[in-house]
Amino acid sequence: MNAKILFKLSQISGWVLLFLTTLFFISGYGMTKQIIPVGLATWLHNRILPIPFLIFLVLHCLFPVRNLLRRTSPKTIFAFLFSVLVVGLAGFFIFRSEKASRETVEDFHPAKFYENLDNKIVRCNLCPNHCILAPGQIGLCKARKNVDGKLYSMVYGKIASVHLDPVEKKPLFHFLPGSLIYSISTTGCNLQCKFCQNWQIAQVFPWEVETKKMSPEEVVEEAIKSGAKAIAFTYNEPTVYYEYMEDIAKLAKEKGLKTVVISAGYINEEPLKELLPYIDAYKIDFKGVDNKFYQKMTVSGRVEPVMAAMKIIKKSGTWLEIVNLVIPGENDSEEDLRKLILWIKENLGTDVPLHFTRFHPDYKLLNIPPTPLETLKKARKMAMDLGLKYVYIGNVDDLEGSTTYCPESKEPAIIRKGFFVLQNNLNEEGQCKTGEKIPGIWK
Amino acid sequence: MKEIFIQPILLGLSSGIFCLSYCFPFVAPFVVFEERKTKEDFKVILKFIFGRLFGYLIFGAIFGYLGERITNKTVDFFFFFALACLSFLLIFYSVGLIREKSGICLGPKFKKTTPFLMGFLMGINVCPPFLMALNYVFLLHAFLEGIFFFFLFFLATTVYFFPLTFLGFLNKIEEFRIFARASGVLVGLMFLVYSFYKIYQMI
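Sequence lines, in order, name chains A and B.
Residue numbers for the first sequence follow the numbering used here, so the first one is 55 and each next one is one higher.
Residue numbers for the second sequence follow the numbering used here, so the first one is 341 and each next one is one higher.
Just so you know, not all the hints are guaranteed correct.
Unchecked claim - Calculated lysine-lysine pairs in the DSSO-like style (CA-CA distance at most 27 Å, straight line):
(1) A:129 x B:379
(2) A:464 x A:368
(3) A:464 x A:393
(4) A:487 x A:464
(5) B:379 x A:346
(6) A:346 x A:435
(7) A:399 x A:368
(8) A:497 x A:223
(9) A:248 x B:383
Said to hold, decoys possible - Simulated restraints, written as ranges between beta carbons of each label pair:
(10) B:398 x A:172: 22 to 32 Å
(11) A:275 x B:417: 44 to 54 Å
(12) A:371 x B:414: 49 to 59 Å
(13) B:509 x A:173: 47 to 57 Å
(14) B:495 x A:417: 27 to 37 Å
(15) B:382 x A:111: 41 to 51 Å
(16) B:414 x A:472: 52 to 62 Å
(17) B:536 x A:328: 41 to 51 Å
(18) A:414 x B:495: 31 to 41 Å
(19) B:375 x A:111: 35 to 45 Å
(20) A:414 x B:382: 48 to 58 Å
(21) A:371 x B:417: 50 to 60 Å
(22) A:111 x B:417: 35 to 45 Å
As the list claims (entries may be wrong) - Computed, partial: chain A to chain B, Cβ under 8 Å:
(23) 130
(24) 133
(25) 134
(26) 136
(27) 147
(28) 484
What the hints contain is simulated information worked out from the structure, not anything from laboratory work.
C-beta atoms are modelled at their ideal positions from N, C-alpha and C, and glycine is treated no differently.
Throw the hints in and build the complete structure from the sequences for me.
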């Protein structure tokens, strides 16, 4: 390119860079000192300015780079690039190791439910994994760390994902049908299922993804602003951010919001009992009734603690719905399904809604095909034949399988398509036109 | 039982490329900043690799035997101390303090053993695959199994190191030698400051 044009370009981009840099300073200052609205400052600083800044920086450098290249031999340039690679790699490794250890206690929140053993070793008692952690070690969940003999939550206040979802997406079919729910998650999981559908956030450390800091007050405030009637702790396993969830749930109750936990139910009795008074509904992923299945598909899970958790939830009066992900060849045999259905019937009753959902290949389980619709229909029929009153199928488009029927008259009570309610024939008390009452939370 | 064979080999093969990229900033300047014959380059790499093997075996034995009796802090301290020594060595070598003919500097014998020493120090460093291997060995509580585990881990990771010999072609070009020396000093200084910072944090 012509040297004169490049020179002119360099001059003009220099002035633009000066302007952009000033804006950077103002917006950066505005983010902390509120000289301009914080939202605008953050939007400018993080989203708008960086790319034009980089483009003009490159344009500004074109002229000097051209001159340099004309004066330098290719050998020198390659040798320089070689040293950039060497030094860059060294810098990268220092940055990587520091990033992992950079977070200090100030970034963490004291954890609950642990006991001190000898030599500053702690045993985490939040979930049945009971991780024993020496100082500096992180739990299986990637969310709790022993710092000098004290256990901390590394994910408190660090939101990895936030959405406004239809409650049917959770799925919760007997809970404020047709409403939107403010859904949040952090990172980490204590089961690490091979078929994890949210592995991008559930199977990582908090520093491996971009997170947004939000205090419990901010979460509740944002939920109210969004018009949602409830907050859902979802996407990753909420048990791993127990302290954060509990603080938000307490605050949400005070502000009149409902709360929902979407969990695998791998939690110990004591923390669960402490949490339940602040939770309106619990959805449990009951992965299978067979312990071998849990051991094969999760990092170290067992089915007994999940069963115990469901019994506690049911007994507490918190609304409970159950999901069973049907995986071809793994937990879809007639015997497995029958055992699961009978266990629910005998231990939780026939009123607990059960959702059989379709598996699709994800995370480490990419070699298994999606569940055939027929399998799900068969499972639903079997459950209804065995006496369960509210059985659904999910992750598929099936009108009958996603409709709630009045148990006696068999009239459709709520007709759904996908995540949306097409028709709701129930009154505010959850009664059909015939007067039959369907259990759930309806207002 | 077959786990003791399969685990280290799979771990080494799957994380060897990471080992290489971690060692690269130390090895690359070292191979390039001095003009040598290809045969000598190969010898240097071989010495480096054997140094790593020696480091791995010693650690395998110690950690396999002592297991969890060694605290994380001791391990960290040792790692960063080794990193500091390695950085010093790289800086000394890059600025020419370790050479064959010099009154005030370290002599030819030391020069010949430097690649081995660097390999040894590199081998016991805070490389993440090494830490993973270490975690496994912690649980073995067995001297011989620890050595065996690290030996297989070493074999599997070494596959990725041999291509480094080809870097030797670059030391025939003067420009590369100059830049390699400069980057050797820079890398050495970076890691030296980093290791001192980490040791200071521990104290």
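Provide an ascending list of the numbers of those earlier hints which the structure does not satisfy. 5, 9 and 28
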